[in-house]
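Colleague: Please arrange chain B on chain A, whose structure you already have, making use of the hints.
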Amino acid sequence: MLSRIAESMFWIGRYVERAEDTARILDVQTQVLLEDARVDEEQTCRDLLASMGIEPEDFPAVLDIDHVLAVLAYSPASPTSIANALANAREAARGARETLPVPLWEVINTTYRSIPSRRFEALRPPYVFQWVRERAALINGTADATMTRDEGWQFLVLGRCIERADMTSRLIASTALTGGTGEQWTSTLRSSGAYETFLRTYRGVETERSAAEFLLLDRLFPRSVVFSLARAEQCLDNLGGDPRRAGFQDEAHRLIGRTRAELDYGSLADLVAELPEEMERLQRTCAAATDAITRRYFEGAEAVSWKGVRL
Amino acid sequence: MGTMFEGYGTTEPASPAYDEMFDGESLRSPYLRLRDSLGAMTTPELISRVEALQASYLDQGVTFDIGGEERAFPLDILPRVIEMDTWSTIERGVQQRVKALEMFLADVYDAGTVFDDGVIPRRVITTSSHFHRAAATIRPANGVRVHVSGIDLIRDNAGEFRVLEDNVRVPSGVSYVMTNRRAIAAALPETIAQHRIRPVAGYPQRLLAALRAAAPAGVTDPTVVVLTPGVYNGAYFEHALLARTMGVELVEGRDLVCRRGEVMMRTTKGLAPVHVIYRRIDDEFLDPVHFRPDSVLGCPGMIDAARAGNVTLANAVGNGVADDKLVYTYLPDIIRYYLAEEPVLRNVDTWRCGDADAREEVLDRLDELVLKPVDGSGGKGIVIGPRASTDELDVLRGKVLEDPRSWIAQPVVQLSTVPTFVDGELGPRHVDLRPFAVNDGMRTWVLPGGLTRVALAKGELIVNSSRGGGSKDTWVLAGHGDLHQQEQQQQQSSAIDLVEATSPEEDA
Numbered sequence: 001m002l003s004r005i006a007e008s009m010f011w012i013g014r015y016v017e018r019a020e021d022t023a024r025i026l027d028v029q030t031q032v033l034l035e036d037a038r039v040d041e042e043q044t045c046r047d048l049l050a051s052m053g054i055e056p057e058d059f060p061a062v063l064d065i066d067h068v069l070a071v072l073a074y075s076p077a078s079p080t081s082i083a084n085a086l087a088n089a090r091e092a093a094r095g096a097r098e099t100l101p102v103p104l105w106e107v108i109n110t111t112y113r114s115i116p117s118r119r120f121e122a123l124r125p126p127y128v129f130q131w132v133r134e135r136a137a138l139i140n141g142t143a144d145a146t147m148t149r150d151e152g153w154q155f156l157v158l159g160r161c162i163e164r165a166d167m168t169s170r171l172i173a174s175t176a177l178t179g180g181t182g183e184q185w186t187s188t189l190r191s192s193g194a195y196e197t198f199l200r201t202y203r204g205v206e207t208e209r210s211a212a213e214f215l216l217l218d219r220l221f222p223r224s225v226v227f228s229l230a231r232a233e234q235c236l237d238n239l240g241g242d243p244r245r246a247g248f249q250d251e252a253h254r255l256i257g258r259t260r261a262e263l264d265y266g267s268l269a270d271l272v273a274e275l276p277e278e279m280e281r282l283q284r285t286c287a288a289a290t291d292a293i294t295r296r297y298f299e300g301a302e303a304v305s306w307k308g309v310r311l
Numbered sequence: 001m002g003t004m005f006e007g008y009g010t011t012e013p014a015s016p017a018y019d020e021m022f023d024g025e026s027l028r029s030p031y032l033r034l035r036d037s038l039g040a041m042t043t044p045e046l047i048s049r050v051e052a053l054q055a056s057y058l059d060q061g062v063t064f065d066i067g068g069e070e071r072a073f074p075l076d077i078l079p080r081v082i083e084m085d086t087w088s089t090i091e092r093g094v095q096q097r098v099k100a101l102e103m104f105l106a107d108v109y110d111a112g113t114v115f116d117d118g119v120i121p122r123r124v125i126t127t128s129s130h131f132h133r134a135a136a137t138i139r140p141a142n143g144v145r146v147h148v149s150g151i152d153l154i155r156d157n158a159g160e161f162r163v164l165e166d167n168v169r170v171p172s173g174v175s176y177v178m179t180n181r182r183a184i185a186a187a188l189p190e191t192i193a194q195h196r197i198r199p200v201a202g203y204p205q206r207l208l209a210a211l212r213a214a215a216p217a218g219v220t221d222p223t224v225v226v227l228t229p230g231v232y233n234g235a236y237f238e239h240a241l242l243a244r245t246m247g248v249e250l251v252e253g254r255d256l257v258c259r260r261g262e263v264m265m266r267t268t269k270g271l272a273p274v275h276v277i278y279r280r281i282d283d284e285f286l287d288p289v290h291f292r293p294d295s296v297l298g299c300p301g302m303i304d305a306a307r308a309g310n311v312t313l314a315n316a317v318g319n320g321v322a323d324d325k326l327v328y329t330y331l332p333d334i335i336r337y338y339l340a341e342e343p344v345l346r347n348v349d350t351w352r353c354g355d356a357d358a359r360e361e362v363l364d365r366l367d368e369l370v371l372k373p374v375d376g377s378g379g380k381g382i383v384i385g386p387r388a389s390t391d392e393l394d395v396l397r398g399k400v401l402e403d404p405r406s407w408i409a410q411p412v413v414q415l416s417t418v419p420t421f422v423d424g425e426l427g428p429r430h431v432d433l434r435p436f437a438v439n440d441g442m443r444t445w446v447l448p449g450g451l452t453r454v455a456l457a458k459g460e461l462i463v464n465s466s467r468g469g470g471s472k473d474t475w476v477l478a479g480h481g482d483l484h485q486q487e488q489q490q491q492q493s494s495a496i497d498l499v500e501a502t503s504p505e506e507d508a
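Just so you know, the protein sequences line up as chains A and B, in that order. Once you know that position 287 of the first sequence is 287 in my numbering, the rest is easy, because the numbers rise by one and skip nothing. Once you know that position 456 of the second sequence is 456 in my numbering, the rest is easy, because the numbers rise by one and skip nothing.
Looking at chain A on its own, in the form it has when it is part of the complex (with noise of 0.2 Å):
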């Protein structure tokens, strides 16, 4: 498989689940806003804006939930929009164009269209979150189902587990900052959209540790970071398809495996006491893993380039 064509599946698993868990972080938000009037709104905003990634200079001097849907959901010119994730996916996939199926082809384009038609903008919340899902899952659920489990299909599952592990972590570490009482907690379980899982798996007793540790460890919760990081594994070994008697010649296959075992088999007590710093620590292990893939399959054999001739 071309190597242009692999990193456009790996982004394009990236962007349509960026967007996804960005409306599903958003929908539990607007609604705590809307239904809490204990609840402040401007540290609300603060705090959401800060574990997406953006940093405290870039605050306007007025910083309500307007601002923040602008930021985070409609505005197409802001790098963490839904709208800009969106447009991103599609772009990918319209450079891969020939080798995706028409009919995933066609979902993730008419989802993007909404967007320069204007008709994304005019949902508002909480219908334009409910939107995103469902056209978040109807995109996967097309690929599921007309992929072939090529290259490519590992290639677009490996971008959504690393944006799924990342996206999760986030959303721990936001609630961890905001202080962690189990109201936030439930409300992270629901954006998740694992609440009432998480309430069978532990029989009705909600706790903050149990919480955190449903999010980041359980093994069969699809959400989790332990089961996306897992996931992420077993796409590499597909890919590499070179079984060796003793450790990991890839490095982005070294670097998830050991940050997942590390998961795995430390103390919950100790992470849930660091969570915040935990959780940095995961997200930077998701880009170097990222770097990785991109300097091994996406630059190519020996990259050179033209540099021209002086006349």
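There may be inaccurate statements among the hints.
Unchecked claim - Using C-beta positions, here's what the derived DEER-type ranges look like:
#1 Glu-299/A / Ile-384/B: 50 to 60 Å
#2 Pro-126/A / Glu-190/B: 42 to 52 Å
#3 Arg-149/A / Ser-48/B: 38 to 48 Å
#4 Gly-7/B / Pro-116/A: 34 to 44 Å
#5 Ala-186/B / Pro-116/A: 21 to 31 Å
By construction, these hints were calculated from the structure, which means they are not laboratory data. Every residue, glycine too, gets a C-beta built ideally from N, C-alpha and C.
Modeller: Just chain B now, kept in the frame of chain A:
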């Protein structure tokens, strides 16, 4: 008799142009069934189908770029119908022309007998900006340089098809022929069922067979790729469609690298060799070593790889000398010279401004002629005399006197008209036709249909999509007998051709 075509064309002043559906009041025979089937439809129903058609094109991303903006390619709901007999003349004419062009190119880049025998002056070729010395004495693997061609035809006032220009570099538009058919079949299922139309969906397989047949000698299972300038190119949709339907990789310049005279592509498993490149990039951008040193669209070393016979470029480098508008004026003579036949399809009458006598006449009649720059394309630089202001004509006069070699002149040909649905009503609009031909080295196959471009503005004569043109589905009616069988026979004969063409002794 229904309401649909009533009053057609009566709102416009009478035009000398040939209307393909109506001869005055009476209906022409190819359109009989179409009239019967559509005549009963009401305008609101037609409008709802038009809307569904446009929406489906946007969702599928059948678009082209104008100045960075992505637009749906306008497709008119009414098809253009061509009868079998008319089509077989076009087919023969195109085949003849491609054959002559192939022989001409082989001659120009080798012995040059056509100059020695005085058919065309050597300087006409050597002064062409498309003449590339880098292409001299390259002998393509199966002798083919014009793998794909698009010969633009128009219908004059008497209804005769004439050649307007040849495109043997990177002709585009074939993807719309295929997508138009699918879209119209969905929009007008009843109508299409009442016609026996020759299918167009087989094009990618024909093209792939021709590309494989052109592989370098000794390569039994060649890797074919489509080379595109990238997603921002106006025809990117087409490049992607062709790659997808042929089942080959779509590569950009940055995916390729040359090693020891071979072209390789970067894959997730390292470098993989490439044997045939169907390139959709102009000559000048292919290889910075030989052409523009600032181009990043191609790949350095590609031309040397082609010269070494390790990779086949389709279409070949340097083909531009044959579709130059000045060479066009010599083409009837070129056909007679190589084939000893009269041209099946006549040229449009043309004056060369480079000839002193012709120039004098052209300058006298500037206000009634169409002036075209010889190396322009896409309708660029064309001046239509009767529509130009005095100032514009003065500027033009200056340009022609300054560089007469760069200009040709033609009478204003009223392109034929076909009923077209614009802004809620039917009216005559001018059309041209670009049939596509694929040469696999054994025979030239002409796609039955071709791209009909239509100028959507009333009275407009320039049909290019960059000037607001749209397209029409073009139906070539099948003859009597079993349609399926006819196509199959053609398929089989080409399959045999393919087997023969791939044996390396053939071209040794």
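Colleague: Are any of the numbered hints broken by this structure? If so, which, sorted upward?
Modeller: Per hint list: zero violations.
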